[in-house]
Amino acid sequence: RAYVFGEDVKFGGVFRCTSGLADAFGTHRVFNTPLCEQGLVGFGIGLAAMGNRAIAEIQFADYIFPAFDQATAKFRYRSGNAFNCGGLTVRSPYGAVGHGGHYHSQSPEAFFCHVPGLKVVIPRNPSQAKGLLLASIRDPNPVIFFEPKWLYRLSVDEVPEGDYMLPLSNAEVIREGTDITLVAWGAQLAVMQQACAEAEKEGISCELIDLRTLIPWDKELVEASVNKTGKLIVSHEAPVTGGFGAEIAATIAERCFLRLEAPIARVCGLDTPFPLVFEPFYMPTANKVSTA
Amino acid sequence: MTRSTVGSLARRLFASQPRQAAAAQAPDAINVEIPVPFQLHLLQEGPARESVTSREELVKMYRDMFRIRRMEITADKLFKSQLVRGFCHLYDGQEAVTIGMEAALTYEDTVITAYRDHATFLGRGGTVHECFAELMGRSTGCARGKGGSMHLYKPSNNFYGGWGIVGTTGPLGAGLAFANKYEKKNNVAMAIYGDGAGNQGQLFEAKNMAGLWDLPLIFLVENNHYGMGTAEWRASKKTTFYDRVSYIPGIKVDGMDAFAVKEATRFAKEHCLSGKGPIVLEADTYRYHGHSMSDPGSTYRTRNEIQGVRQERDPIERIKKLMIKENVMREEEFKAVDKEIKQEVDDAAAKAKDDPNPGEEELFMNIYKNDSGLKTYGCDRNMVRVQLP
Numbered sequence: 001r002a003y004v005f006g007e008d009v010k011f012g013g014v015f016r017c018t019s020g021l022a023d024a025f026g027t028h029r030v031f032n033t034p035l036c037e038q039g040l041v042g043f044g045i046g047l048a049a050m051g052n053r054a055i056a057e058i059q060f061a062d063y064i065f066p067a068f069d070q071a072t073a074k075f076r077y078r079s080g081n082a083f084n085c086g087g088l089t090v091r092s093p094y095g096a097v098g099h100g101g102h103y104h105s106q107s108p109e110a111f112f113c114h115v116p117g118l119k120v121v122i123p124r125n126p127s128q129a130k131g132l133l134l135a136s137i138r139d140p141n142p143v144i145f146f147e148p149k150w151l152y153r154l155s156v157d158e159v160p161e162g163d164y165m166l167p168l169s170n171a172e173v174i175r176e177g178t179d180i181t182l183v184a185w186g187a188q189l190a191v192m193q194q195a196c197a198e199a200e201k202e203g204i205s206c207e208l209i210d211l212r213t214l215i216p217w218d219k220e221l222v223e224a225s226v227n228k229t230g231k232l233i234v235s236h237e238a239p240v241t242g243g244f245g246a247e248i249a250a251t252i253a254e255r256c257f258l259r260l261e262a263p264i265a266r267v268c269g270l271d272t273p274f275p276l277v278f279e280p281f282y283m284p285t286a287n288k289v290s291t292a
Numbered sequence: 001m002t003r004s005t006v007g008s009l010a011r012r013l014f015a016s017q018p019r020q021a022a023a024a025q026a027p028d029a030i031n032v033e034i035p036v037p038f039q040l041h042l043l044q045e046g047p048a049r050e051s052v053t054s055r056e057e058l059v060k061m062y063r064d065m066f067r068i069r070r071m072e073i074t075a076d077k078l079f080k081s082q083l084v085r086g087f088c089h090l091y092d093g094q095e096a097v098t099i100g101m102e103a104a105l106t107y108e109d110t111v112i113t114a115y116r117d118h119a120t121f122l123g124r125g126g127t128v129h130e131c132f133a134e135l136m137g138r139s140t141g142c143a144r145g146k147g148g149s150m151h152l153y154k155p156s157n158n159f160y161g162g163w164g165i166v167g168t169t170g171p172l173g174a175g176l177a178f179a180n181k182y183e184k185k186n187n188v189a190m191a192i193y194g195d196g197a198g199n200q201g202q203l204f205e206a207k208n209m210a211g212l213w214d215l216p217l218i219f220l221v222e223n224n225h226y227g228m229g230t231a232e233w234r235a236s237k238k239t240t241f242y243d244r245v246s247y248i249p250g251i252k253v254d255g256m257d258a259f260a261v262k263e264a265t266r267f268a269k270e271h272c273l274s275g276k277g278p279i280v281l282e283a284d285t286y287r288y289h290g291h292s293m294s295d296p297g298s299t300y301r302t303r304n305e306i307q308g309v310r311q312e313r314d315p316i317e318r319i320k321k322l323m324i325k326e327n328v329m330r331e332e333e334f335k336a337v338d339k340e341i342k343q344e345v346d347d348a349a350a351k352a353k354d355d356p357n358p359g360e361e362e363l364f365m366n367i368y369k370n371d372s373g374l375k376t377y378g379c380d381r382n383m384v385r386v387q388l389p
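Line by line, the protein sequences are chains A and B. Residue numbers for the first sequence follow UniProt numbering, so the first one is 1 and each next one is one higher. Residue numbers for the second sequence follow UniProt numbering, so the first one is 1 and each next one is one higher.
Hints are computed from structural coordinates only; laboratory data are not their basis. In this text, a Cβ means the ideal position worked out from N, Cα and C, and glycines have one as well.
Quick list of simulated restraints, FRET-style, between CB atoms:
1. A:Gly51 - B:Glu45: 52 to 62 Å
2. A:Arg29 - B:Lys353: 42 to 52 Å
3. B:Val337 - A:Arg29: 50 to 60 Å
4. A:Pro140 - B:Ala179: 41 to 51 Å
5. A:Gly51 - B:Gly359: 50 to 60 Å
6. A:Arg29 - B:Gln82: 34 to 44 Å
7. A:Pro140 - B:Leu43: 53 to 63 Å
8. A:Thr241 - B:Pro35: 57 to 67 Å
From chain A, some residues computed to sit far from chain B (all C-beta separations above 12 Å):
9. Ala2
10. Gly26
11. Phe83
12. Phe112
13. Cys113
14. His114
15. Ser127
16. Asp139
17. Ala197
18. Gly203
19. Glu247
20. Thr251
21. Glu261
Only chain A is shown next, with the shape it has when bound in the complex (with noise of 0.2 Å):
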């Protein structure tokens, strides 16, 4: 019982996530919706609230804005758990691609961040995507789970065979080190791994953590790093005012305020709209890492 449907998915959509699947699951499954965000996302609270698993597919995160109204997350809370659109899973990808400008490459994940009863998930790589989606669609509650669309082409990735799940909620440690605690997520990574190995070359030891589930997110993993190391760099592309950044920052200031050595740093997009030809400026690259 379980239906994915969006713009385009049938013959594969426009970044053939979706290929092969009506063939094998046939289209009263795998079907296209016309293009209709709101009513799209609504259609899948109405298919959840029946108790199945809605997979809806937003071509580009930043068509979501219309749908974002259909309030999903305060469905369980305002029925008093009558009803619930556990069930529904939205899938959208997101984030910069080198080409996109302005309503290609949005990062909106901040934004759904502030909705308690949603969760957000994003994956770094293949075989990380395969295990959260299984878990994403098989939770409870409604996700939102935003793929980066660089990593489409660029990710290369040994995934298993069969059905396994990640478990959502838990931030990974990537990297061990010492001296200082990286925070990031999906194809900001590798940006950050990068990083990491200019910085080893100066002596300092990087700790990197994939933070995988924003909302509602691994609090201890990260506070037990910064605990260790004492610094916190969080990075993110989305502008830096408001961003999810400034949560992270914020909570472990609050949980390690007497272990920290220096401020918490943000390293992300610039308070601008995205901007198409300003792209290599707006990103947060790999060039500043900042020690105490």
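Keeping the supplied structure of chain A fixed, place chain B upon it in accordance with the hints.
Positioned in the frame of chain A, the structure of chain B alone reads:
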């Protein structure tokens, strides 16, 4: 009677008089028949089935359409050689819609369209150079290189762009029309969208507002039958758009016939300005290219279909045949004009290629008006990159 009622009465009288009467007296008036009948919704009479034109107008229309065609083909090449980045949605095949519409409008009327806007920009008086420069992100582009292909604007000629999100032109057009009405301007607003957008909720909202407040708004649907890769019959329960709404009249027009579009637009403008409220025009047209440069355009339609339209209904060929038949221009003259325009377009591309990129400070400009004290940092928060007044 007050002066204003006399004025409006006089205006209505003259407006309803067919221009045929005046123009027919001109010696070089050429009558063009419109073969495909207009389909009407909620209208007793439709636009005239005959358009009166002149040698000058025909030559201008041909030149403008051919220029658009060359520009789009050149844009294709520029994109493939990676000089144009981002997205690029080409208009070739649909030239008659914009040129026909502009023949009946003035630059005092406001036009707003979606992302397939290169031709609309040209129709509104933009130059090929400005367009190419914007596509390539140069500072000489019409949006200073900050907008790109989907965001072309020309405020001096009331062209409000250039919008990437599908369906936005409806409500925005309603706003433009309201402003015109409020300021008592004798002008219409034209909101252009495609068949793919036809199912967007916000269009119905806009239509309701326009109908409720009798806004002088023309909704123009450029129906090229495919919303990206989805044929209209697979996306819409009802595949016509001119009669979607039961309280707004509509006209369906052969969008490959520039004169049909011209007469329909003229009719629509008179309708709106006589206080009858909004109207919908559906132009039945076709695009040769795919949806954008990443779409070959042949996975969801057959090459036979595309070839067929090119052979039977191409708008430029059509006007050329007419001009030859009416002895406006000879074959050799066409060759000369084609060569001249090709050169003009190539020169514009070459010039745009050499134009400079916008300066670094442009990145932070125009976010707010006067950029109200915005301090923006580089990657290292300790280094203030720009502080704007």
